[in-house]
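**Q** Residue strings, one per chain:
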Amino acid sequence: MHLVILGNGITGVTCALTVRRLQPEARITLVSSESAHHYSRTALMYVYMGHLRAQDIKPYEDWFWNENRLALVHATATALNTAENLLSLADGTTLAYDQLLLATGSESKLFDWPGQELAGVQGLYNLPDLEAMTRDTHGISRGVVVGGGLIGVELAEMLHTRGIEPVVLVRDARYWGAVLPPEEANLVDRQFQENHISVRYQTELREILGDAQGRVRAVVTTAGEEIACQWVGLATGVTPNLALASTSNVETDRGILVDEFLRTNVPNVFAAGDCAQHRQPGAGEVPIEQLWYTGRMQGETVAHTICGQATPYRRGIWFNSAKFFNLEYQTYGYAPAGPVPGLSSFYWEHPGSRAAVRVYFRSEAPHAVVGFNALGLRLRHAVCEQWIARRTPVATVMSQFGSANFDPEFFPQHEKAIVADYNRQFPGQPVALKQRKGLFSIKN
Amino acid sequence: MTPTLSPPLPATSPAEKLTLAVVAGGLLALLLAWADADPARRTTWFWLALGLVSAGTLAWSWLKFGQHPAGVQQDNLWLRASTGRGAIAWITGLVLTGFYVVLYWYSGDDGKGNFGLLNNLVHPLDSFSQALRGRPADQWFLYGTFYTLAILLMGGRALWKYRHSRYQVIRTASVMFFQLGFAFLIPGLLQFFQQPEFYFTYFWPLHYQYLWPSDVHSLVQNGQALGVFMVFWGAVMSFVATPVLTYFYGKRWYCSWVCGCGGLAETAGDPYRHLSDKSRTAWRWEVRIIYTVLGLIIAITALLWVHFATGGTLLGEAGNVGAKWYGFAIGAVFSGVIGVGFYPLMGSRVWCRFGCPMAAYLGLLQKHFSRFRISTNGAQCISCGNCSNVCEMGIDVQQYAQRGEPIIRASCVGCGMCSTACPRGVLNLENGPREGRYQASQLIHADSLRILS
Numbered sequence: 001m002h003l004v005i006l007g008n009g010i011t012g013v014t015c016a017l018t019v020r021r022l023q024p025e026a027r028i029t030l031v032s033s034e035s036a037h038h039y040s041r042t043a044l045m046y047v048y049m050g051h052l053r054a055q056d057i058k059p060y061e062d063w064f065w066n067e068n069r070l071a072l073v074h075a076t077a078t079a080l081n082t083a084e085n086l087l088s089l090a091d092g093t094t095l096a097y098d099q100l101l102l103a104t105g106s107e108s109k110l111f112d113w114p115g116q117e118l119a120g121v122q123g124l125y126n127l128p129d130l131e132a133m134t135r136d137t138h139g140i141s142r143g144v145v146v147g148g149g150l151i152g153v154e155l156a157e158m159l160h161t162r163g164i165e166p167v168v169l170v171r172d173a174r175y176w177g178a179v180l181p182p183e184e185a186n187l188v189d190r191q192f193q194e195n196h197i198s199v200r201y202q203t204e205l206r207e208i209l210g211d212a213q214g215r216v217r218a219v220v221t222t223a224g225e226e227i228a229c230q231w232v233g234l235a236t237g238v239t240p241n242l243a244l245a246s247t248s249n250v251e252t253d254r255g256i257l258v259d260e261f262l263r264t265n266v267p268n269v270f271a272a273g274d275c276a277q278h279r280q281p282g283a284g285e286v287p288i289e290q291l292w293y294t295g296r297m298q299g300e301t302v303a304h305t306i307c308g309q310a311t312p313y314r315r316g317i318w319f320n321s322a323k324f325f326n327l328e329y330q331t332y333g334y335a336p337a338g339p340v341p342g343l344s345s346f347y348w349e350h351p352g353s354r355a356a357v358r359v360y361f362r363s364e365a366p367h368a369v370v371g372f373n374a375l376g377l378r379l380r381h382a383v384c385e386q387w388i389a390r391r392t393p394v395a396t397v398m399s400q401f402g403s404a405n406f407d408p409e410f411f412p413q414h415e416k417a418i419v420a421d422y423n424r425q426f427p428g429q430p431v432a433l434k435q436r437k438g439l440f441s442i443k444n
Numbered sequence: 001m002t003p004t005l006s007p008p009l010p011a012t013s014p015a016e017k018l019t020l021a022v023v024a025g026g027l028l029a030l031l032l033a034w035a036d037a038d039p040a041r042r043t044t045w046f047w048l049a050l051g052l053v054s055a056g057t058l059a060w061s062w063l064k065f066g067q068h069p070a071g072v073q074q075d076n077l078w079l080r081a082s083t084g085r086g087a088i089a090w091i092t093g094l095v096l097t098g099f100y101v102v103l104y105w106y107s108g109d110d111g112k113g114n115f116g117l118l119n120n121l122v123h124p125l126d127s128f129s130q131a132l133r134g135r136p137a138d139q140w141f142l143y144g145t146f147y148t149l150a151i152l153l154m155g156g157r158a159l160w161k162y163r164h165s166r167y168q169v170i171r172t173a174s175v176m177f178f179q180l181g182f183a184f185l186i187p188g189l190l191q192f193f194q195q196p197e198f199y200f201t202y203f204w205p206l207h208y209q210y211l212w213p214s215d216v217h218s219l220v221q222n223g224q225a226l227g228v229f230m231v232f233w234g235a236v237m238s239f240v241a242t243p244v245l246t247y248f249y250g251k252r253w254y255c256s257w258v259c260g261c262g263g264l265a266e267t268a269g270d271p272y273r274h275l276s277d278k279s280r281t282a283w284r285w286e287v288r289i290i291y292t293v294l295g296l297i298i299a300i301t302a303l304l305w306v307h308f309a310t311g312g313t314l315l316g317e318a319g320n321v322g323a324k325w326y327g328f329a330i331g332a333v334f335s336g337v338i339g340v341g342f343y344p345l346m347g348s349r350v351w352c353r354f355g356c357p358m359a360a361y362l363g364l365l366q367k368h369f370s371r372f373r374i375s376t377n378g379a380q381c382i383s384c385g386n387c388s389n390v391c392e393m394g395i396d397v398q399q400y401a402q403r404g405e406p407i408i409r410a411s412c413v414g415c416g417m418c419s420t421a422c423p424r425g426v427l428n429l430e431n432g433p434r435e436g437r438y439q440a441s442q443l444i445h446a447d448s449l450r451i452l453s
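In order, the protein sequences belong to chains L and X. The opening position of the first sequence corresponds to residue 1 in the UniProt record's numbering, with each subsequent residue numbered one higher. The opening position of the second sequence corresponds to residue 1 in the UniProt record's numbering, with each subsequent residue numbered one higher.
Calculated from the structure, these hints are not laboratory results. Ideal Cβ placement from N, Cα and C applies to all residues, glycine included. Hints are supplied without guarantee of correctness; some may be wrong.
[Claimed, not checked] Ranges between beta-carbon positions, derived for each pair:
{"hint": "1", "chain 1": "X", "residue 1": "Gln439", "chain 2": "L", "residue 2": "Ser246", "range": "42 to 52 Å"}
{"hint": "2", "chain 1": "L", "residue 1": "Arg69", "chain 2": "X", "residue 2": "Gly327", "range": "42 to 52 Å"}
{"hint": "3", "chain 1": "L", "residue 1": "Glu364", "chain 2": "X", "residue 2": "Gly436", "range": "46 to 56 Å"}
{"hint": "4", "chain 1": "X", "residue 1": "Thr281", "chain 2": "L", "residue 2": "Ala36", "range": "16 to 26 Å"}
With the rest of the complex left out, here is chain L (with noise of 0.2 Å):
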C-alpha cells in the first residue's frame, strides 16, 4: 500500500506514525510545500520572542523520518486526479497513491477589508507568516492586532516582546467572548493591563490606510477612530485550505466534506484535521475542527480506517488549553461562556486574581460535573475526564478535589479555600474537604 499524505502538519504526521505502527510494510509519502520537516505550528510565536530557534519546533530530529521510512517530498501539489490516482507536483512530477490523505489545514480568514492587501497586513499560520511578521515589524513602534482570541493574544505579545506597541482589536465587549465566561475574560483583561496593552472591546476594524509606497499607516476602527501603525495583524480566524481539493471531484463546501469516517466522496482520499467538514458532526460538536488536539486525534482515527480498520471519529470529552501572557488556562468537558439552562457553575477566584476554578454541574440532583476551567492552576486532566465520563456528583468532586491538583510541588493549595467558597455559595450540602494534595500523591 502506498499512502500519500497531503500536509505534513500534527494531523498528517500523526496519521502517518499510526500507519506505520498498523502496518510496518506500508509505503507512506508525505508531501508539503510549506517546510522540509514537520515543526509545531504552536510554537511559531516562541521563535519569534526568541525564546527558541527554528530548528527548536521540530517535534522529531530528522534522522527520524528516513529510519521509520517515512519519505519526506517538499514539493506544492499542483492537481489531484482521483480517476487515475495520481497527484501531480509544481516540478512537473506526478506521485501515484493507493490511498490519499488531505491534511492540507488552514490559511488565515480574511473578510474583505479594505486595504488587507497592503504590505505589513498578515495573519499568523505558517513560516512563510512568521518570516514576513519578523521582516515586516523591524524597527517600527506600534502594530494593530486584529482579534480577541487566541492568536490575538499571542500576536499582542510577541510585539510587546520587542519593545513595539501593540493595540488589540476585540469584536465582543470582553476577551473570547465565544469561550470565555465574564469572570474568566476579566482575569486576561488583567494581564493585558498588567503588560500596558491598550485594548479596545467592541471596536471592529473597518479599513486599513495605505501611504504611497503601498505599505499600511493606520487602520480606520468602527469607531471612527483612526490609530496610526506600522503593522496590522489579522487574528480573525482560519479557514480550510482547499486549494488542491478545488482541483479535483472531491467534494466541498467550507471544508472538505467528510463522513465520520473521515472519507471524503471519493473512494481511497480521506481528509482530516483543519481542512476537513464534518458531514454530521456529533451533538453539541462543530464541524470543522482547527484545534492541535483535534488534529492528533484525526490523523490518528484516519489512519485506522486507512488501514481497514473502519473506525469513526469520536472526539472524547474536551479538553483545551491556552496561555495569556502568564495566565495559563485549561478547560475540561463542557465549559460554556454564558448561562444555560439547566446547567450550573461554582466559580472560584483567588483573591490576589492570579488564580481561578470554574465546575460546571447539572442544575438536578445529583448535580453531576459536566466541565471545568481552569485559570493560573493546573488540573490534571485524567481525574477531570474521569469525573466528568462518571457523572461524578459536584459535592464529591469538591470533597475529592486536591486529587486534581497538578501544580507543582510547594505551590499555594487553595482546596480549602475553594471549598469553603462552594459551601457559602452552595450551602444545601455542605462539603468536607477529603483529600488534599499530598507530597506522594499520584493519580495516573
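Using the hints, position chain X against chain L.
**A** The following block gives chain X in isolation, referenced to the frame of chain L:
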C-alpha cells in the same frame, strides 16, 4: 527549515545599561587590582571590584526581571550574543577557561607565599581569610570566594527571575544556603579551629579522595574524633543516605538542591541552560563517557585500597598513577576547565551530564530504584519544545511529553525548569508509588515508534 531573519531586539533601557556599566567597572577594578604594584591600593581595588560587581549584578537582575510581571521570562534568549553563542559568549568562555587554566597550573604557592599569576588577587583576601580560617589566603580560598559569590549573586538573579514558582525559589535558596554554609563558611571555620578542611556536602565518588586510604588516614590522624566522624559521614552519605534519599526524591535532592557544582549551574549557569545539546548523538556520547568515568573512579579506588591493604606490594603503583592522571584529566580539566569554562557555549551542565561519577551513580539509582518521575498531564502537550529547550541536561523532554509518557531518565537532575517553562501545564515532578511508574497517559496514544534507542 527556512532560516528566518532575526527579529529586532528591543533597546536596553538606560537604567539597565547603567547597572551593566557598574558590573563592567567592577571587572575593570579587578584588572587594576591584578596589575597594581602597590599592595594597599591593590586591596582597595579588589574590594571595590567585588562591591561594584555585586551591586551591579543585583541591581541589573532587579531591573531586568523584578520590574516585569512575574512569569516565564526568556525573551530574546537565543537572539542575544551573550546567551545565543554570539561573540560575547565566546569571549566569556575564553575568559572563564583561561581563569581555570591559570588557577590550576599557574597559581601554585612557591613556598614563600607567592601564588603565581593570581598572586595579586590572593593577597587582598588575607585579612578576610585570617578572620574566617585563621590563616592567610591561598589560590583556593580566592577561588572559593569567587565561586560562592557567583552562586549568591546569580542566585539573587534566579530568585527574581523565577519568583512566580515556589519550587524554583525554594530550590535556589537551598543551593545558595548549602554553598555559603557547607562549602564555604564551615570548611573555613573548621580550619580556624585547627580541624581538617572538610566539605560535608561532597561525597565519594564526586569528591573521590574522601574514601581513599590517604584521606581516610589523614582525617583520622589529624581530626581525632571529628575526623573519624567525617570518614563515617562520608561513607554513610555515599552508601546509605544517597540510595535512600534518591529512592524517595530522585537524584535532585543532591544535584539541584545541595551540590556545589549543581549550585553554580543553577545560578551562574542559568542564562546558558538552553545551550545543552538535545540530539540523540549527544545522548550517546553522554552514556559512553559518564559511565566510563564512574568505572574508572571505582577501579582506582579499589586499586588504592588493595595497594594499601597489601602493604604496597600488590599491583605496585598502578593505583597511585591512576589517581594522579584521574586528578588531572577528570578532576581538573573536565570538571573545572571544560565544566565551567564552556558554560556559554555548551550549557551549564557539561560536567554534570558527561563527566560526574556521582551523577552517574545517582542516575542509575534514579532510573532503577526510585519513586521519582516527571508526569505528563494527559493529552495536553502541544509539542512546542519549550521543555526540551530549558533542559540543562540535554534531555529531549518533548519526546516523552508528546507521547503522554512520564520522563524517567538517569540524567534528570530535577531542576523542574521544564515544568516551569511549559506553557500548558503539562509537566510535573512527582514522587509516586513505583507501580505504574512508566504508565503513559491513556488520553494520548503513544505512536510506539522507535524514537529513542
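**Q** When the structure is checked against the list of hints, which entries are broken? Sort them ascending.
**A** Result: hint 3 breaks, nothing else.
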